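Could you build the full structure based on these sequences and the hints that come with them?
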Amino acid sequence: MFAAGGSMASSSFRRKVGGGLAVIPGTRASVHNGQLLVSTGASSLDSVIGGGLAVGTLLLIEEDKYNMYSNLLLKYFIAEGVVSGHDLFVASAEEDPSSILQELPAPLLDDFHKNNLDKEEKTTGDLQKSMKIAWRYQNLPKLEVTPAARSRFGHHYDLSKAMSSEMLQAVRCHTFFLPTECGSAICCSMGHAYTLLLQSIHRVIQQEGFDGSCPQKKHKNILRIVLQSLGSVLWGDDICCSDHPQYIHSLTRFLHALRGLLRMSLSACVISLPAHLIQNKAILSRVRNLSDTVVGLESFIGSARETNALYKDYHGLFHVYQCPRLNSLLCDVSGTKDLAFKLQRKQFTIEIVIHVELQGVLRNCLHLPPDLSDRASRSSKQDLSECSKVLNAGCAAMTAGRTHLDF
Amino acid sequence: MLEEVVSGGGSLIIIDDINCCGRSLLKCFLAAAAHKGDSIHILNFDIPKDELRAGMDSEVAERLVFHDGFMDPLNWNGEAVLPASPFTLKELRVCIGADASPVTLVLDSLSWILLHNPVSAVCHTFQHFQRQAKSTGLNVRQIIGLLHGDLHKPAVVDSVCCLASTVVTVTQAPSSEAQGTAVVLQRRKSRKIVRATEYFTILEHFALKSLGQHQPLMKLAGEKEETPAAETDPAANLTFNLRLSEEERRAKERVLLPYHLSAEVKSSLLQSHAGVAKIYYEPDAADDVDEEDPDDDLDV
Chain C
1 MFAAGGSMAS
11 SSFRRKVGGG
21 LAVIPGTRAS
31 VHNGQLLVST
41 GASSLDSVIG
51 GGLAVGTLLL
61 IEEDKYNMYS
71 NLLLKYFIAE
81 GVVSGHDLFV
91 ASAEEDPSSI
101 LQELPAPLLD
111 DFHKNNLDKE
121 EKTTGDLQKS
131 MKIAWRYQNL
141 PKLEVTPAAR
151 SRFGHHYDLS
161 KAMSSEMLQA
171 VRCHTFFLPT
181 ECGSAICCSM
191 GHAYTLLLQS
201 IHRVIQQEGF
211 DGSCPQKKHK
221 NILRIVLQSL
231 GSVLWGDDIC
241 CSDHPQYIHS
251 LTRFLHALRG
261 LLRMSLSACV
271 ISLPAHLIQN
281 KAILSRVRNL
291 SDTVVGLESF
301 IGSARETNAL
311 YKDYHGLFHV
321 YQCPRLNSLL
331 CDVSGTKDLA
341 FKLQRKQFTI
351 EIVIHVELQG
361 VLRNCLHLPP
371 DLSDRASRSS
381 KQDLSECSKV
391 LNAGCAAMTA
401 GRTHLDF
Chain P
1 MLEEVVSGGG
11 SLIIIDDINC
21 CGRSLLKCFL
31 AAAAHKGDSI
41 HILNFDIPKD
51 ELRAGMDSEV
61 AERLVFHDGF
71 MDPLNWNGEA
81 VLPASPFTLK
91 ELRVCIGADA
101 SPVTLVLDSL
111 SWILLHNPVS
121 AVCHTFQHFQ
131 RQAKSTGLNV
141 RQIIGLLHGD
151 LHKPAVVDSV
161 CCLASTVVTV
171 TQAPSSEAQG
181 TAVVLQRRKS
191 RKIVRATEYF
201 TILEHFALKS
211 LGQHQPLMKL
221 AGEKEETPAA
231 ETDPAANLTF
241 NLRLSEEERR
251 AKERVLLPYH
261 LSAEVKSSLL
271 QSHAGVAKIY
281 YEPDAADDVD
291 EEDPDDDLDV
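As given, the protein sequences belong to chains C and P, one line each in that order.
Positions 1 to 407 (this note's numbering) are the ones given, in order, by the first sequence.
Positions 1 to 300 (this note's numbering) are the ones given, in order, by the second sequence.
Treat the hints with care, as some may be off.
[As the list claims (entries may be wrong)] Pairs of lysine-lysine residues, derived as PhoX-like cross-links and limited to a Cα-Cα distance of at most 25 angstroms, are as follows:
hint	chain 1	residue 1	chain 2	residue 2
1	C	K161	P	K266
2	C	K65	P	K189
3	P	K134	P	K189
4	C	K161	C	K337
5	P	K252	P	K266
6	P	K189	C	K346
7	P	K192	C	K312
8	C	K342	P	K192
9	C	K220	C	K65
10	C	K342	P	K49
Everything labelled a hint here was simulated from the structure, so no lab data went into it.
Bear in mind that the values here come from a model prediction, so they are computed numbers and not experimental data.
See below:
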C-alpha cells in the first residue's frame, strides 16, 4: 500500500473513490428501513405503501370490477420504468403487450415543468412587483430546484397524452404475450401458461444479469416485471370460474417460485389479479400471503356508493390489505385506512377520505367544542354509544370519528 | 344507447334467461349488420337454420351463411358440418373460410359451446379470434354471442362477460307495451364504462325500436332520493357587523401600515452601496456538498 501510493505517502488520509453504493437511477433508499425502493409512478400510491415498492418484492393489485383503474396503475408503473431507464418485462394474456406500451401516459418532464414555472412567474410577476411585506426578497436570484429527470424518484404523468415513441424506443422491453408464446396450439392445459411465463422471466433475469450471475458491468439496472390479470381464464386457469378448481395450486406455486426469483435479483414486480372473480376465498388469502404488498381497488360503478353523497368526489375505494415486513418484524403501516381514489382527466390520485358530513354529525351529538367539566367527561362514554348508533347507518369511518373523541 | 350498440363493432354478448328470450334481439343485431353490408356467419347449435331465417327479409336472408351444428352435433350420422370441437382459433378460421366483405360472427348459442368445451379454451378463442383472423386476412368486424345466463354458474358468466366489449342483459319488461328491458354495459376505448337500462320493442323484419332510457339505475333499487338540507347562511342573523360598506372599505385602504414603505425607500434599501464587499464563490470539484456526513471523503 505504502509503496504503491508513493505520492500519497505524506498523508494517511485518502480520498474515497466511488462514494459508497453505486446509485441506480430511479431508486432511493427507504427512510424507514434503508430498503432500496423504486417508484410505482403514482406518487400517491408510493406514499400509501410506504414510500415506494422495495426492490425484490411483489405488489399485488386486486382489480376493480370492470378493470378500469387497475390497468391504469400498471401503466403508471411501466411508464415510470421507461422514464427512469429501467428494463421492462410485460406479460399479458389479454392484449398484446406492445399495444399496452403504446398507451402509456406521457411524463411531465423538466422542460415541461420549466415552461410551467415560467408561466407561473409571468402570472405572479405583477404580484411580486406589488409585494408589500416580503419586498426584500424580490431581487434575490431564483434557485433551481428540480434535479435531473433520470435520477429523480417518481415522476408526474399526463393521462390525456400518450408517451412519445422516441422514449419507448430507448427502453429495453421484454414482452410475453400468451397466445404467441404458446403458438397456435391450444394453450389451455392447466398450469402450462404459468410454467412458460416463469421460464421466460427466469431467462430474462439470468441473461440480462439481474441476478448477479453475469454482473452488469457498466451500470446496474432494475428490471420491472408487470403481469396483467394473472389468474384470469385467459391464463388457462379455472380459479375464476369454479369453487373447487381442478388445479388449485397452480397459481400459488407460480407465485412462490416467482417470489424466490425476485428476492434474488434486482427486480420489482407488479401483478394485477381479478380478485372479484375468484370464487374460493382460501385461494385469495393464499395469494395475498404469497405477495409482499397487497392493495385493492373497489370502484363505485354499479354499486350504491356511486350516488352516495359521502363519496361524490371519488371514483372508488382504495384498500391496503397488506404491507411488507422487510428485514423486520414490523411493517410500515400508514395511519389511516380510509382511502379513496379518483381519476381526473390527467391524473389518478389516492386520497384520504374526509367525512365532512360525518364530522358534522359527531359535533352535533357531542356538542363540540366540549366544556371540560367533570360531568362532561363522565358522560362521554354514553355519548359515544349514542354516536355509534347514529353512525350504524353503514359508514366505515368509525375509526376516523373516534379520534375526535380523544380529548 | 341500444341503437348505438347495434351499429357498433367489437365483441357483444346477449344474456337472456328462461323468462325472456334474447334470440329476437340477436336477430335484430344480425339484421342490422346485414343491412350494413356484412356477411353473417352463424354457428347455430340451439335451433335449426330455417327457424333462424324465418321472418327475415330476402335482402338479409341472402347474406346469412350457416354453419350447422344443430342437425348432427356429435357426428353420429356422419353428416356433421362442423368438426367435433369447432370453437378453437384454427377450426373456426377454417370454418369461415375466405370472405371479402367484413364478417359478423354469430354464436347461437355461446351456452352450447361453453357446455361442451373447457371454459378457458372458449374464452381464449372468444378473446383472440378477431386479432388472429386479421393476421390471416379476414376482417371480423363483430362477434355476437347469445348466452343463456341461467344455464351456467354466475362465476362462468362473469368470466366470459369480462371479455366482451358490450354486454346486453335482457329481462322481462314490466309493462306490455315494451317487449323487454335491456341493461347495456359498454366498455369504451377511452376506458370509460357506460351503463344504461332501456325498454325496447321489435318491429317487423327485426328492426329494433328503443322506447327510451329508464330512469337512473340506482332509483330502481327503491332508494329515496335525499333532499339536501336547505343551505342556511351562518352570517345572516349576527349581532355585529361583518361587512364593509364602500366608504368604510376606502377608508381602510387609505390607512398606511407601519411596514409599508414607499417605492423610493425600498429601492434605496435594495441597492448595494459602494464599499460593501461581495463574495464570489466558484464550486470546486473536490467540494464536499454533503452536509450530513462531513467526513465521508476520508477513508479511515
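Hints, one by one, checked against the model:
no.	hint	result
1	C:K161 <-> P:K266	violated, 47 angstroms
2	C:K65 <-> P:K189	holds, 17 angstroms
3	P:K134 <-> P:K189	holds, 19 angstroms
4	C:K161 <-> C:K337	violated, 32 angstroms
5	P:K252 <-> P:K266	holds, 23 angstroms
6	P:K189 <-> C:K346	holds, 16 angstroms
7	P:K192 <-> C:K312	holds, 18 angstroms
8	C:K342 <-> P:K192	holds, 13 angstroms
9	C:K220 <-> C:K65	violated, 38 angstroms
10	C:K342 <-> P:K49	violated, 50 angstroms
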